[in-house]
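Work from the hints to combine the two standalone chains into their complex.
Just so you know, the sequences run in chain order A and B.
If you read the first sequence in my numbering, its first letter stands for residue 1, the second for the next number, and so on.
If you read the second sequence in my numbering, its first letter stands for residue 1001, the second for the next number, and so on.
Don't read these hints as lab results, they were simulated from the structure.
Partial pick of chain A residues on the chain B-facing surface, computed with a CB cut under 10 Å:
1) VAL26
2) VAL28
3) LYS29
4) ASN82
5) THR163
Sample of chain B residues lacking proximity to chain A, with all beta carbon distances greater than 10 Å (derived):
6) PRO1076
7) SER1078
8) ASP1120
9) VAL1126
10) THR1133
11) TYR1141
12) LEU1151
13) GLU1155
Subject to a maximum C-alpha distance of 30 Å in a straight line, what follows is the list of computed DSBU-like cross-link-like pairs (lysine-lysine):
14) LYS108(A) - LYS155(A)
15) LYS1081(B) - LYS1112(B)
16) LYS167(A) - LYS155(A)
17) LYS42(A) - LYS108(A)
18) LYS150(A) - LYS167(A)
19) LYS150(A) - LYS120(A)
20) LYS167(A) - LYS42(A)
21) LYS83(A) - LYS155(A)
22) LYS1112(B) - LYS83(A)
23) LYS1081(B) - LYS83(A)
24) LYS1118(B) - LYS83(A)
25) LYS83(A) - LYS1108(B)
Backbone N, C-alpha and C fix where the C-beta goes; we use that ideal spot for every residue, glycine too.
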Amino acid sequence: MKKLLIIVLSFISFSLFATNPVTDYVHVKGYYEEEESSLIFKVWRQNELEDIGRVYHAGDIYLDGDPTTREERIFTWELSGNKNLTVNLTFTITPLQAYSNGTYHIPKHTLKMYSGNTTKTHEFSTATSGSTSYPGYRQGSSGSSSFIIKSAVFKYTNESITTQTPKSGYCTLRVLEYDEDTAGNFDYVSYVTVEFDTV
Amino acid sequence: MKKIISILIIILTVSVSLFAWKELDFASTSQGVIAHINGVFELDVSEFYYANDNEGKGINLNINDENNNFRYLIAPTSTPKSIPGLLIANFSLISSSSDYKLTISHDKLTNKTNHSIKYDYELSTVYSVLRGTSMVERTVYCLSEPESSVLNFNELHGVLMLQNAGLYLRLCNEVTDSGEYESTITLVLESLQ
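Bound conformation, chain B alone (with noise of 0.2 Å):
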């Protein structure tokens, strides 16, 4: 009796880890799946161009200045959200599923010194999407917040692939205080599922 008892325990064993191996077969293709998706999926955003211009102040954003070479670009023009302005920042953007969007705001030019002084400007992404079997470029332009671009891609059905987008600054009206001034511009790339 007990050898019977012990050839089905034995038995037993062998039958639970084989199902057990099936079980892990199953799990690992589970898992395939979730790799492939993280695996292609990427935002990357390039360091702002003219942070160390200036000895790290960067951008003079002095439009009278005549040794300011940037100085027509960043100027205000006469009809708004018309013309990007000086390139600041590149991002590239990858993922194997074009169901998502990208949002990109933006605060107001700060004072350092003094945060009362603010001035805003029009951000500008410039960026290229395959369409069928051509590129075709998109401009979108915004103020500071609450205002923000967002870029739909769900309609490109399939992979999706930015590279090198700019992002490019012009005042909105001429700076006249003195002093350091920064921004933040905010990318958030979320999910439309």
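Same shape as in the complex, but just chain A (with noise of 0.2 Å):
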């Protein structure tokens, strides 16, 4: 009888055993920090591969030759993201001009901006020179100035950016008139802001 007994408890021993499975756990554990959105923008002094990094300054124009046949290239940029991004991109380049002795001389000129399959075009319309201390160049700007000639503003907005496609574009300048008192006896210069930001 005890032999029997001991037989069925070992049975029950080895089918409990070989029926409850061992279970071991691994415990994951990670994070996500969101990376804060960052823009880069980078311009270039005419089609020099120069980059002037955040000096929105493009550079002195040098008027030689005919300027009235020839359009040039002025600048190059491109604005890229780190992310997926939407930007409004503000270019505020003020009139072409030169300054002698308390005098500006501003020729007429045409900006144009490509970018895509987009071309933006801006005219000044008229050969201007004045006795000013302080011209106006900037819309809305004010002052003791005799004339007041308000910049040039090319705007692009709801603009798609990444780091693999970033927005980009170049800007063109062409003479179309000059001051005949002054022409070509100074060294011009325009002056270019950029704004921007994400939506």
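Pasting the structure below:
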């Protein structure tokens, strides 16, 4: 009887062991910290691959030869982001101007902004000279100037960019008409300001 | 008459005792078999390797973070279930019999503060078994439950021994929601009998 009991107990013991699965666990932990969005703006002077970083100065423009027939690239730009971003981008470009002895000289000229399949154009329509200490060249600016010429404003809104698909373009200048009294005697300068933000 | 009865009782007592000794001998043999099975049956799982990384938050799941050394290992592949990802744990298995199966499953990486945010991942199990005289490496993949990886060893016949089998993690999709995440991998070893 004892023998039988032990065999039965042994069998039950083995069966219990055989049918009870052994379980173990690995606990996985991880985290995600969202990277802050960042924009990288690059601008190059004219056609040179000289990265002038965040200096939004397009550089001095020298008008050699016959400027009225030439459309010259004055700067190239590129805006990229560290992830998928929607951005607004605004270029404010002052009229081309030369300064001498308290007088500013602004020729008649055209700016064109090329980006993708889009071309935006702004014409500074008259050649002007004037004695003034503060020529207005920004939209909305004021002062004791004898003439006000608003800056050209080029807006790009709701543009999608990534690191792989930046937004880029370039700006050209074509001078149409000089003030005959001072043509070609000075270095003409234009200033470009770029504002951009994510939507 | 009393003497005869006393002698009979003594004889019977000795007889029963002798019989009992035989029984105990047999019982000892039976218990030995059970002890043998228990003694060589073992499943050991290592600690999760990166549990204490990054101030205890575990793996950095941001695959765009250039400071994340594991970002290429956990990044989704264009061909799912093709390449093991980041090694996160090891396990070993020893048994006197190969009549067992090991089922490995996991839930999704779940955001600890918002449980509705979940990301699935490929769990690869890489292990080597002795088949004949040579080691054969195998890799099995599974997404989260109800998928699972089943390692069936009954074809091996005989002693089963896995050493340092690896568990690897690779994301199915890029994580885009901030927060801490957790998941549990469950290993169940059960008899095929």
